[in-house]
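S.K.: Residues per chain are reported as follows:
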Amino acid sequence: MIGGLIPSLAIVTALLIGGVIIWASGPRLDGPWFGIWFVVEAYQALVEGAFGSRASTIDTVLRTVPYLFTGLAVMVGFRGGMFNIGAEGQLAVGALASAWVGFTVTSLPLIIHLPLVLLTGCLAGAIWGGIAGLLKARTGAHEVITTIMLNYVGGQLAAYLLNGVLRDRSPLNVIAQTPKVAETARLPDLIPGLHSGVILVIGVAVLVWFVLWKTTMGFELRMVGINPDAASYAGVNVVRRMTWAMGVSGLLAGLAGAVQVAGVNYRSTLGFNVGYGFDSIAIALLGRNTVSGVVLSSILFAALRTGATKLQFRTQISTDIISVIQALVLLMIAADQIIRWIYRIGPAQPEAVADATSTAAPVASSESGR
Amino acid sequence: MTRGRFAFIIGCIGLLIGGAEVLRSPDVSASIVAASMLATMLRFATPLTLGALAGLLCERSGVANIAIEGMMLSAAFGAFLGAAATKNLLIGVLAGMAVGVAMATLHAWLSVTLRVDQIVSGTVINIMAAGITGFLSTEVVRRQALVGAGLLPALRIPVLADLPVVGPVFQQQPIAWVALLLVPITHLVIFHTPWGLRLRSVGELPRAAHAAGINVIRTRYTAVMIGGAIAGIGGAYFTLESVPAFEPLMTNGRGFIALAALIFGGWTPAGAWAASLLFGAANALHINAQQFGIPVPAQIVGMFPYLLTIVILAGVIGRVSPPAAVGTPYEAD
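Protein chains in written order, with our numbering: chain A, 1 to 370; chain B, 1 to 333.
One or more of the hints may lead you astray.
Pairwise CB distance ranges (calculated) [claimed, not checked]:
| hint | chain 1 | residue 1 | chain 2 | residue 2 | range |
| --- | --- | --- | --- | --- | --- |
| 1 | B | SER25 | A | VAL20 | 56 to 62 Å |
| 2 | A | LEU207 | B | GLY150 | 54 to 60 Å |
| 3 | B | ILE32 | A | PRO192 | 55 to 61 Å |
| 4 | B | LEU205 | A | VAL20 | 40 to 46 Å |
| 5 | A | ILE17 | B | ILE300 | 44 to 50 Å |
| 6 | B | ALA30 | A | SER170 | 37 to 43 Å |
Below, in silico cross-link-like pairs of lysine to any residue (SDA-like), each with a Cα-Cα straight-line distance of 20 Å or less [what the hints assert, rightly or not]:
| hint | chain 1 | residue 1 | chain 2 | residue 2 |
| --- | --- | --- | --- | --- |
| 7 | A | LYS180 | A | SER196 |
| 8 | B | LYS87 | B | GLY150 |
| 9 | B | LYS87 | B | VAL243 |
| 10 | A | LYS310 | B | PHE304 |
| 11 | A | LYS310 | B | THR138 |
| 12 | A | LYS214 | A | GLY193 |
It is worth saying that the hints were derived from the structure and are not from the lab. Quantities reported herein were computed from a predicted structural model and do not represent experimental measurements. Just so you know, even glycine gets a beta-carbon here, dropped at the ideal spot from N, CA and C.
Assemble the whole structure, with the sequences as input and the hints as a guide.
M.R.: Written out as structure tokens, the structure reads:
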């Protein structure tokens, strides 16, 4: 439980600072209690907007799905000592590839077509991420830079294909997007309005946990993440594990794109991936690179984003307040000395340190510089 | 930075402009293509050059900087606000620089003092810049209906500015001139002054620098903060030289491209400047391709600089290596 203390305090503190900002940007009316009432009202609207009705709860869950996939993606990278800034690009190529298989193939039954669509997205994302992993392992090219560059290459590739061969040619379409995928390429609804990708993402989260903590492969991956030299000395194939870490990371981000295509949009649209890259890093860091932490923080991020609309509707405060709160949370997670100082918590205990090394940052990233 | 690399980059620029000339449709005159390629290239290269120089100072001192984007974005907003509030463009530029320094100080505090992972710290600053500028631009600017104070006027060099084709080179706005001046200045400071030597030693082998009596922490703070000021000028370009308004996320990834230019140029000012011009030329071709009637898809041209950066980073054509201590926090004994 102690692992969740700092993140919880960071969230509470960020919400308090956010409250001050809301108070400062709110209207000035008579009465000393108005300001406090206004902030309470704003946060109440935020919670109602995220969980207040059946529709809003479904909306929050729908937003959680891609956050959880990409959060897990960044987490797997971190655990293997790789900092994946490229979730955005991997998600884009995953969505493109799965949409392509989704609308060009039309004669397969759902039981074959849908898995094919999802697997194609995984494969595209895995290749996109794997390139960065392979380059890091083989040549030392730093994955932070190569994944940023691959984001742009992916963006340009998407722009090229969505304006070209993959573009929806129907006369009503005016934007860069694919045609809608076939009925057999769509995730069936679990309940009305909520696609079954939710089950998939929960399954994937359990699988990630199992592989990382219960298999030799996962053990080796985490070993490379903590100390690649020691891992190599112990006989681990570091090149293979690094490539694997980025490949799986890309695979999960690609799957996020595929599930958005198969479950929500039924097509790939230019630019829909923007923002997932940095949000997913924030989610992984807030979740301290544990599966349960990533699950909770992706729900939190989704709820904040979903509820923001109602907050704006009721208080006229811009939805961007959510980004400010997220940034504050991340700041205090990254520099947990701030939280320790505010709440007078002592420095991390030795046992906790061993755990924290793998959560704070990719330890291996400094070994070869960039 | 070897002469060979510099020549290679200039050659690439020539190839892009030459390619545009060869592939242009016959309806478009050669001089129009050259002139607009040149003008667009210079315009696009200005914030890249400044961003790359900012990153250069930071990384040469051993602090990785993926926060150039966030620094420039917040400075763009600060510059707009300063200029709009006072109706004075110079104060706008200074406000941009101040905001740049503030963000850089945060980066230094997180990564040098608190020893947070430098990439994480950069990520925090990028997310924070996007969030705060987005929030403030809707809350402050729209509510109080602040109007921009206009754009910095172009400074012309008489006679030369009237030349055909190359005229745009001699008629640029002040921040563009500042960027051009800062390239040799940074070069001189980094490679030919005692401070530059100290800076580089701190970025390569901080422990040895410390043993030689250099204050590693203070040197890193100074470098990161001067970098922040330069990034601030780069940010001011967006709201005081490009368009007289602030739009959320208006830097649009230019800070990351500046980072690529820095790497492409092998962590040297001249190289970073040449690479900025190359990225500018690629962008010029990218956005003008249709107008010139060039049959190559614009997006494929647009991919080119990023792919080249990956290839160079992987050491396929001429390896570049970063300052040895980049990414490692310094812990004094």
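S.K.: If you draw a straight line from the CA of A:LYS180 to the CA of A:SER196, is it 20 Å or shorter?
M.R.: 18 Å, holds
S.K.: CB of B:SER25 to CB of A:VAL20, is that within 56 to 62 Å?
M.R.: 59 Å, holds
S.K.: Okay, A:ILE17 versus B:ILE300 on CB: inside 44 to 50 Å?
M.R.: 46 Å, holds
S.K.: Just tell me: holds or violated, for the beta carbon distance of B:LEU205 and A:VAL20 against 40 to 46 Å?
M.R.: 44 Å, holds
S.K.: Given the hinted pair A:LYS214 and A:GLY193, is their alpha-carbon gap at most 20 Å?
M.R.: 35 Å, violated
S.K.: State, for the Cβ atoms of B:ALA30 and A:SER170, whether the hinted interval 37 to 43 Å holds or is violated.
M.R.: 40 Å, holds
S.K.: Can the restraint linking A:LYS310 and B:THR138 be considered satisfied, given a maximum Cα separation of 20 Å?
M.R.: OK: A:LYS310 and B:THR138 at ~17 Å, within 20 Å.
S.K.: Against the 20 Å threshold, does the CA-CA distance of A:LYS310 and B:PHE304 hold or violate the hint?
M.R.: 43 Å, violated
S.K.: Is B:LYS87 within 20 Å of B:VAL243, Cα to Cα?
M.R.: Satisfied, since the Cα-Cα distance of roughly 15 Å is no more than 20 Å.
S.K.: Assess, step by step, whether the Cα of B:LYS87 is no farther than 20 Å from the Cα of B:GLY150, and give holds or violated.
M.R.: Holds. B:LYS87 to B:GLY150 sits at ~9 Å (cutoff 20 Å).
S.K.: Between B:ILE32 and A:PRO192, does the C-beta distance stay in 55 to 61 Å?
M.R.: 58 Å, holds
S.K.: At the C-beta level, are A:LEU207 and B:GLY150 separated by a distance inside 54 to 60 Å?
M.R.: 58 Å, holds
In this structure, the hints that do not hold are numbers 10, 12, in rising order.
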